[in-house]
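There are 2 protein chains.
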Amino acid sequence: MKQLDTRHASFAAQFDALLQARTGVETSVAEPVRDIIAAIRTRGDDALFDYTTRFDRLTLNAGTVRIAQDEIAREAAKVAPDLMTALHQAAGRIESFHRAQVPDDLSYTDDAGLTLGMRWNALDAVGLYVPGGKAAYPSSVLMNALPAKVAGVSRIAMCVPCPDGVLNPLVLAAAQVCGVSEIYRVGGAQAVAALAYGTASIAPVDRIVGPGNAYVAEAKRQVFGHVGIDSIAGPSEVLVIADSRNTPRFVALDLLAQAEHDELAQAVLVTDDETFAQKVIDAVELELRTLPRAKIAQRAWADHGAVIVVRDWNEAAEIANRLAPEHLEIMLDDPQAFAAKVRHAGAMFLGRYCPEAVGDYVGGPNHVLPTSRTARFASGLSVFDFLKRTTSIATGPEGLKQVGPTGVALAKAEGLDAHALSLSTRLEALGA
Amino acid sequence: MKQLDTRHASFAAQFDALLQARTGVETSVAEPVRDIIAAIRTRGDDALFDYTTRFDRLTLNAGTVRIAQDEIAREAAKVAPDLMTALHQAAGRIESFHRAQVPDDLSYTDDAGLTLGMRWNALDAVGLYVPGGKAAYPSSVLMNALPAKVAGVSRIAMCVPCPDGVLNPLVLAAAQVCGVSEIYRVGGAQAVAALAYGTASIAPVDRIVGPGNAYVAEAKRQVFGHVGIDSIAGPSEVLVIADSRNTPRFVALDLLAQAEHDELAQAVLVTDDETFAQKVIDAVELELRTLPRAKIAQRAWADHGAVIVVRDWNEAAEIANRLAPEHLEIMLDDPQAFAAKVRHAGAMFLGRYCPEAVGDYVGGPNHVLPTSRTARFASGLSVFDFLKRTTSIATGPEGLKQVGPTGVALAKAEGLDAHALSLSTRLEALGA
Chain A
3 MKQLDTRHAS FAAQFDALLQ ARTGVETSVA EPVRDIIAAI RTRGDDALFD
53 YTTRFDRLTL NAGTVRIAQD EIAREAAKVA PDLMTALHQA AGRIESFHRA
103 QVPDDLSYTD DAGLTLGMRW NALDAVGLYV PGGKAAYPSS VLMNALPAKV
153 AGVSRIAMCV PCPDGVLNPL VLAAAQVCGV SEIYRVGGAQ AVAALAYGTA
203 SIAPVDRIVG PGNAYVAEAK RQVFGHVGID SIAGPSEVLV IADSRNTPRF
253 VALDLLAQAE HDELAQAVLV TDDETFAQKV IDAVELELRT LPRAKIAQRA
303 WADHGAVIVV RDWNEAAEIA NRLAPEHLEI MLDDPQAFAA KVRHAGAMFL
353 GRYCPEAVGD YVGGPNHVLP TSRTARFASG LSVFDFLKRT TSIATGPEGL
403 KQVGPTGVAL AKAEGLDAHA LSLSTRLEAL GA
Chain B
3 MKQLDTRHAS FAAQFDALLQ ARTGVETSVA EPVRDIIAAI RTRGDDALFD
53 YTTRFDRLTL NAGTVRIAQD EIAREAAKVA PDLMTALHQA AGRIESFHRA
103 QVPDDLSYTD DAGLTLGMRW NALDAVGLYV PGGKAAYPSS VLMNALPAKV
153 AGVSRIAMCV PCPDGVLNPL VLAAAQVCGV SEIYRVGGAQ AVAALAYGTA
203 SIAPVDRIVG PGNAYVAEAK RQVFGHVGID SIAGPSEVLV IADSRNTPRF
253 VALDLLAQAE HDELAQAVLV TDDETFAQKV IDAVELELRT LPRAKIAQRA
303 WADHGAVIVV RDWNEAAEIA NRLAPEHLEI MLDDPQAFAA KVRHAGAMFL
353 GRYCPEAVGD YVGGPNHVLP TSRTARFASG LSVFDFLKRT TSIATGPEGL
403 KQVGPTGVAL AKAEGLDAHA LSLSTRLEAL GA
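Those sequence lines, one after another, are chains A and B. Taking our numbering, the leading residue of the first sequence gets 3, the next gets one more, and so forth. Taking our numbering, the leading residue of the second sequence gets 3, the next gets one more, and so forth.
Just so you know, the hints here were simulated from the structure itself, not pulled from any lab data. Among the clues, some could well be false.
Since the list can't tell identical chains apart, any single copy or any two copies may satisfy a pair.
Pairs of lysine to any residue residues, derived as SDA-like cross-links and limited to a Cα-Cα distance of at most 20 Å, are as follows [to be verified]: (1) Lys403 to Tyr110; (2) Lys343 to Trp315; (3) Lys343 to Asp84; (4) Lys414 to Thr292; (5) Lys403 to Arg157; (6) Lys297 to Gly417; (7) Lys414 to Ala78; (8) Lys343 to Leu108; (9) Lys403 to Arg251; (10) Lys80 to Gly417; (11) Lys281 to Thr8.
Model, not experiment: these values are computed from the prediction.
Construct the entire structure; sequences and hints are all you get.
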């Protein structure tokens, strides 16, 4: 864990190093992923089943690749009632927030007499990737499937790898809660390729979303253009802005909640009080003694953690904007005032009793968020990811008379004569 | 040009072939582009200037790479007054439509007492790629720069290749009209790399937009993730839906306005009248005798053009949805009724006097649109491309008591104990 202080002369260089440390990680899986995609495109299901045998030690065929309805129901029934209640509360809140996001269509007739419009339509089909093994999180199913459902996507095809054939009841229960019934027990780059290009068993989709390992991320990158994808997710990160009026242990646990995700996760504390900073550092150490995932969290905290002491909250806001963090906790007396200064962040958590874990599960806003400083240009998952816009222009002769001549002039200037003629012949026919 | 008829037994296969014909074109420039990007990242300006010498026969240095203000003004002054008037009318209309797109922020307090929000913020810096040579279209500058300006982007850096040092007055005038003053005379993959990673002369941006050749498209694809990009543009396409009450020459010119773009452009007519179809085909042939860009248009029409005769407009709507065309002209008595059936199209043009060229220049909606059937999942350029969302959750102790236990249950189920503890220790402190 690095300790920085904006009063130190070395701060600028140290902070730049912190910004760079986790970026520029080159992927080394481009070639194998290219081969996998090519195999799926040429050999379809055969290749999909071959890879699943090889990577997941699971033998599939056209009859078993899709998890049957009764199998989903049987697995989901294994989930404890109180967990089902939790899933339902979470799903209800997530659905409700995403419903509030649904945008309005646009339509108006302007002074020139043209009627201009913009209509939002849902995608027809979406692929939802759910990681297998340890990272098979039911919350991830809710966060990816519900915005698609709210947007009006009629077909949601979910892929989840099932190494050794083991199903995850909680993931299937979450899918059931969201109304996702088309689930395939495949994963990796081969699942992404199958979703993008289709096989005999899996019909192609229009967009693929969901987290995954380096192979999955690279596969999404490679199929991008043929289908849409969500942001390529990197390791998770949190920036906690906290004054000394906070309980050090709360702050420490919030930092560790990021750090426990994986060894590349980044947890950063910014505070204006050196003594408080030390108390949090001590509290982190204390928690690490008992935390079940201490080994991962310890590694992440040691390698990527940072504690930055600032002179004032304006400095802190500037640091937040440069980091463009995925998660930003603002544990101050007036968190709204601080939030107003933030231009770049995936999601913000305001108040001393609003840890980021609220947003991971049950707050309502999406937990799929831009990582690795991409909040500079990217957004969290939302209904917008499952909608697209069609604009429209409608006009009769009068409107054309108003704008046609400008179109003719610009088309001629660009040397596109058929463009110009398509306007000018109509204008001539109208006697304009 | 292919002639299809939905009454023929071979229609399904022929239509599938039409859908496939222009897709799946593999790029062969991935390797050279990778090298160019690597060179820019390691050698910065030196590499940028070397490539510009090699590809554009133009020697640049840190003092000349950016086009100076007075040089922009001098070039822009060469543009004829009526063209300047046209540029201003077009810019005004485009800006006005995009202003109507600007979305509202979201904020509400729900039953559990949590205040949920979603705020739109503009990107800090955007790179605008403008192709050089023949395809250096001033309308493209307007369509890319104005949405960024309306969104509130404070820095717009434009790159335009200037082979042999030749500047395009109209492009510079368009930039001036949009208020873009940061313009660099570089192009190709090297310009994209410079915008993405920055050099001594060009500060990095957060998102790169604008059309370009195969090298530019591949470069955008490769820098995606580090910065945002717009859709990778393919060859242009139009689908014209027209009944026999239309003037065949108008329809023919609309088809040719697409075909003249480039040899891969696709123009498709769907009509319910075989005789009318033949009249349009004849009119196309007639226009090709005199059209300045006849060679390109003829090639595109021969290779990718199609005329499809349908039994009714429901069939036509189904064809439109399967093609998901970039441009859709609806030249029918009730174009709105047809438009209501369209789920996938980049932009629609409604009425017999609303050719697609209206939208290219002066209608208001953007002319940067999803090509190659990507309207299934993608949208035209808009203010949304230059905004991103930050969600927020704010709560005090009471809200946490409402949702915290669900978060604890799910976090424990996912084996993320620090997540659970970050909630449960607060709940315990509250006596909950």
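So, going through the hints one by one against the coordinates:
1. Lys403 to Tyr110: Classified as within: same-chain Cα gap 19 Å, cross-chain 46 Å, threshold 20 Å.
2. Lys343 to Trp315: within (10 Å within a copy, 53 Å between copies)
3. Lys343 to Asp84: neither (40 Å within a copy, 45 Å between copies)
4. Lys414 to Thr292: Cα proximity of Lys414 and Thr292: across copies only (15 Å, versus 74 Å in one copy).
5. Lys403 to Arg157: neither (44 Å within a copy, 36 Å between copies)
6. Lys297 to Gly417: between (66 Å within a copy, 14 Å between copies)
7. Lys414 to Ala78: between (65 Å within a copy, 17 Å between copies)
8. Lys343 to Leu108: Classified as between; 17 Å across copies, 30 Å inside a copy.
9. Lys403 to Arg251: between (70 Å within a copy, 19 Å between copies)
10. Lys80 to Gly417: Classified as between: cross-chain Cα gap 17 Å, same-chain 68 Å, threshold 20 Å.
11. Lys281 to Thr8: within (19 Å within a copy, 75 Å between copies)
Violated hints, listed in ascending order, are 3 and 5; each of the other numbered hints is respected by the structure.
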